[in-house]
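Peer 1: Residue numbers (numbering that gives the first Met the number 0), protein chains in the order written: chain A, 0 to 288; chain B, 0 to 256; chain C, 0 to 334.
Please note that a few of the clues may not be correct.
[Said to hold, decoys possible] Cβ-to-Cβ under 8 angstroms is the rule here; a few derived chain C residues that face chain A:
1. G125
2. Q137
3. N145
4. G295
5. I299
6. L306
Derived from the structure by calculation, the hints contain no laboratory data. Glycine residues also receive a C-beta, built at the ideal position from the N, C-alpha and C atoms.
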Amino acid sequence: MDYSILLAQAVLNGLVIGAMYMLMAVGFTLVFGIMRVVNFAHGEFYMLGAFTGFFTYVYWEIPFVVCLIIAASTVGILGMLVERTLIQPFRADEMSGMIATLAISVIIQNGAVLLWGPVPRAMPDIVTGTLAIGPFNFPWSRLVVIAAAALIFACFWLFMQRTRLGRAMRAVAQDTETALIQGIRVNYIYPLAFGMSVALAALAGALMGPVFSVSPFVGATPMLKAFVVVILGGLGSVPGAVVGGLMLGMIESFTATAFGSLVSDILQLLLVILILLVRPAGLLGQREA
Amino acid sequence: MTALLQVDAISRRFGGLNALKDVSFAIHPGEIVGLIGPNGAGKTTCFNVVSGVMPPSAGAIRFDGRSIVGKKPSEIVSQGLVRTFQATTIFPEATVIENVMRGAFSTTPVSMLGSVFNTRATRATMSATHRRCELLLDRLSLAPLAQRKARELSYGGQRRLGVAIALAARPKLLMLDEPVAGLNPEEAADFGRLIRELHKTENITILLVEHHMRLVMGLCDRLVVLDHGEKIAEGVPADIRANRKVIEAYLGTEEAA
Amino acid sequence: MHGPRPPAIDQDEPRIAARRRWLPAAVIVTLLALALILPQLTTNQFYVHLANLMLLNSIFAISLGLIASVGQISLGHAAFVAAGAYISALAALSFKLPPLLGIVLAGLVTGLAAVALGKILLRLRGVYFVLVTFLAGQVFTLVALNWESVTHGANGLLGIPAISIFGFPLSTRLRFYYFALAAFILVITFVWALMRSQYGRAFRSIAENIRLAESSGIDVSHYQIVAFALGSGIAGAAGAATVHYIRFLSPDSFTFNDSIAYITMLVVGGRHTLIGGVLGAAFLTPLPELLRGFVGAQHIIYGAILLGVLLFIPNGLVSIGSSLWRKSSGTEEPK
């Protein structure tokens with residue numbers, strides 16, 4: 000086997016899963032930064048996104064872009080409702096908020112099993128064929144995922160930097176009290192931020208549906224990895240989530256190619272512990288004063 | 000006379016920012032010293048560094064003849080340097096007396112295992128501590144409220160409870176972080192008298208961060224003035240009042256009170 | 000500033016004080032007598048089994064409550080339970096170690112493991128602590144599944160011996176019941192004594208105001224590690240006891256779902272009291288039996304109960320009981 004082909008494949012796979020981890024971690028870290036809520040149900044919104052993508056694409060046979068939009072908007076609205084009704088009451092109590100999201104995760108996951116059954120469903124590729132560059136063949140289905148994730152993140156970044164709403168969100172993340180004084184309505188920002196965060200998770204889920212399969216349990220791994228990423232990158236840091244996500248994707252892909260996926264998973268955890276020992280607030284995180 | 004607290008050229012950087020730069024001062028036993036300066040002068044950072052909440056980037060701190068740099072706040076407390084906080088001064092859900100018992104944790108000489116088995120020795124020590132805490136409450140006129148939950152106290156009551164918690168740790172040096180912030184003028188004056196009284200009865204040395212100029216000028220033997228993280232003046236209140244640098248520092252902001 | 004409040008109704012005080020003293024003792028004696036006699040009156044082995052699970056779950060919830068008493072929550076609690084179970088089961092199968100010693104060994108090893116993990120997490124409070132306990136739990140399951148030469152992977156370990164006391168095997172449900180009851184009483188008495196001591200004072204101080212605790216001379220990281228190690232050690236020992244009762248162990252025996260179940264029991268019963276975990280376990284352990292008609296909806300109902308309790312009775316079922324108690328004894332606080 001040619002090593003350069005193996006290497007190119009590892010890079011491509013690393014980018015694909017790295018892109019997914021990035022989308023997951025960005026949303027997760029956003030909610031923590033703004034609301035100080037650790038959302039243990041984040042992976043379930045990924046799963047709902049995957050199912051929405053699956054049903055709309057397979058049964059309605061509409062263009063995949065439309066499927067993505069439907070997945071993001073339905074899951075986003077659901078997220079806003081969840082925030083309003085179930086998370087808002089715990090604003091002053093981080094611990095209870097965290098336990099509440101655990102409960103929400105249990106309910107959503109088992110609800111999905113009840114509705115759709117536990118058996119994984121395969122989803123057809125959205126594009127076929129490969130891109131040939133010299134000796135390397137890259138399947139379009141993977142390249143599209145990377146491009147879409149990059150585009151989604153670019154939109155998110157522009158939104159956070161250029162719009163009033165995005166700036167307001169960043170202000171709340173930096174200092175809730177000052178933001179309140181400046182007249183930013185937190186009760187309005189929180190559901191929006193939460194909805195946006197889970198919409199990003201849903202997009203990741205819908206994008207990965209064709210790559211992996213779709214089942215009520217697909218949210219667990221991406222959420223686990225999102226935790227690793229935010230520990231790597233620092234909780235609350237969006238740049239940290241991007242760098243950490245891509246880095247973790249690459250590390251995972253290369254170590255899995257070299258040693259198998261079990262060793263890869265254990266190595267990732269050791270890495271996390273190592274980093275926590277050296278830099279308790281993550282690689283790019285700020286130390287809490 | 001040797002100093003109780005000797006702060007020697009301490010600095011503290013946050014990222015590229017110098018929050019404290021080469022600050023030195025000493026506090027002698029029995030003094031009441033005020034640490035003042037306009038907003039953002041580095042007073043709170045200085046407090047945090049001295050009490051061990053954060054390490055200095057450079058410099059030495061000696062308390063009672065021993066270096067305390069790099070020690071945990073809890074160890075520093077056990078040596079007799081105790082601080083209060085501006086905002087979080089109490090344990091809200093516990094009773095008032097329990098708050099003070101918690102403050103007396105490091106000065107309650109029981110073996111931890113003995114306290115699990117509730118031995119005779121433990122019971123004797125605990126009841127001695129309990130009596131000491133009741134006396135403290137009495138001195139801070141909180142005794143009638145001993146069984147109330149701390150969060151039910153008035154704002155002024157909570158501030159006094161904060162001081163009682165600190166005193167329970169038997170400080171040699173008590174560091175008060177803006178003790179009268181948020182009190183009305185009358186309460187603030189009362190608090191000033193209380194501090195002076197405790198200074199006498201409890202035989203303690205006091206370092207005080209405060210914005211309330213009248214209180215500081217009336218109470219302190221000596222003042223240390225910080226601005227932009229550096230010490231700009233030190234001396235008795237009358238001299239500080241006339242110091243040109245100090246006046247400029249305060250006039251530059253709107254803190255001239 | 001408030002003046003001193005008027006004292007409570009004076010003439011009632013001696014009566015209430017007397018009642019306060021004898022009533023808890025009477026309740027404890029009655030409960031103990033019932034616990035000793037009741038299992039003898041039933042011929043239905045399933046009820047005894049349920050009682051055993053309730054006692055074990057109570058221990059798991061109490062030990063988690065110990066960790067929660069310093070303001071932390073472990074999402075890897077089931078991993079410590081599983082680790083204890085594996086230690087004792089493997090020691091019994093491979094080295095013929097008597098299960099009673101195995102239980103002690105399991106408690107010690109899991110407790111020390113928690114100390115090691117706690118030292119790493121020393122500077123990590125709150126959220127990071129939770130995330131890392133979660134990750135550690137996941138890794139444990141992963142290792143147990145894949146280290147087949149030792150754990151037999153997903154096939155699990157069979158033929159784990161029952162506990163035997165001086166040659167008397169606790170091989171029936173009823174015999175194990177009395178062992179579990181004794182273990183439960185031991186644990187609850189220990190934790191009660193601990194929480195009453197200076198340790199408890201330190202734990203509560205940390206949970207309520209971590210900065211003030213540190214500046215009151217309480218070594219916060221030390222006591223957080225003590226609580227984490229004791230809670231995890233008790234969980235490990237109880238896990239070992241469980242495995243000598245169930246006598247089968249696989250990586251699926253104790254998973255993340257069980258960690259959530261322990262949290263649910265603790266929260267539903269009441270996080271801030273010793274009895275809370277017991278009440279939660281007593282309420283939630285038989286629930287699956289009552290919900291037999293709703294196969295599949297069981298977990299959803301668990302989740303809904305957890306959410307409902309968090310939203311509407313944040314201090315758990317215990318708080319309902321204690322407010323009734325206050326009303327009946329007339330010592331309700333004036334608001």
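Peer 1: Would you mind marking each hint as holding or not holding in the structure?
Peer 2: Each hint, compared with the structure:
1. G125: holds (7 angstroms)
2. Q137: This interface hint holds because 6 angstroms falls under the 8 angstroms limit.
3. N145: Since the shortest Cβ distance to chain A is 5 angstroms, the answer is holds.
4. G295: Cβ of G295(C) sits 5 angstroms from chain A, so the hint holds.
5. I299: Interface hint status for I299(C): holds (5 angstroms vs cutoff 8 angstroms).
6. L306: Holds, because the Cβ-Cβ distance from L306(C) to chain A comes to roughly 4 angstroms (cut-off 8 angstroms).
Hint compliance for this structure: no hint is broken.
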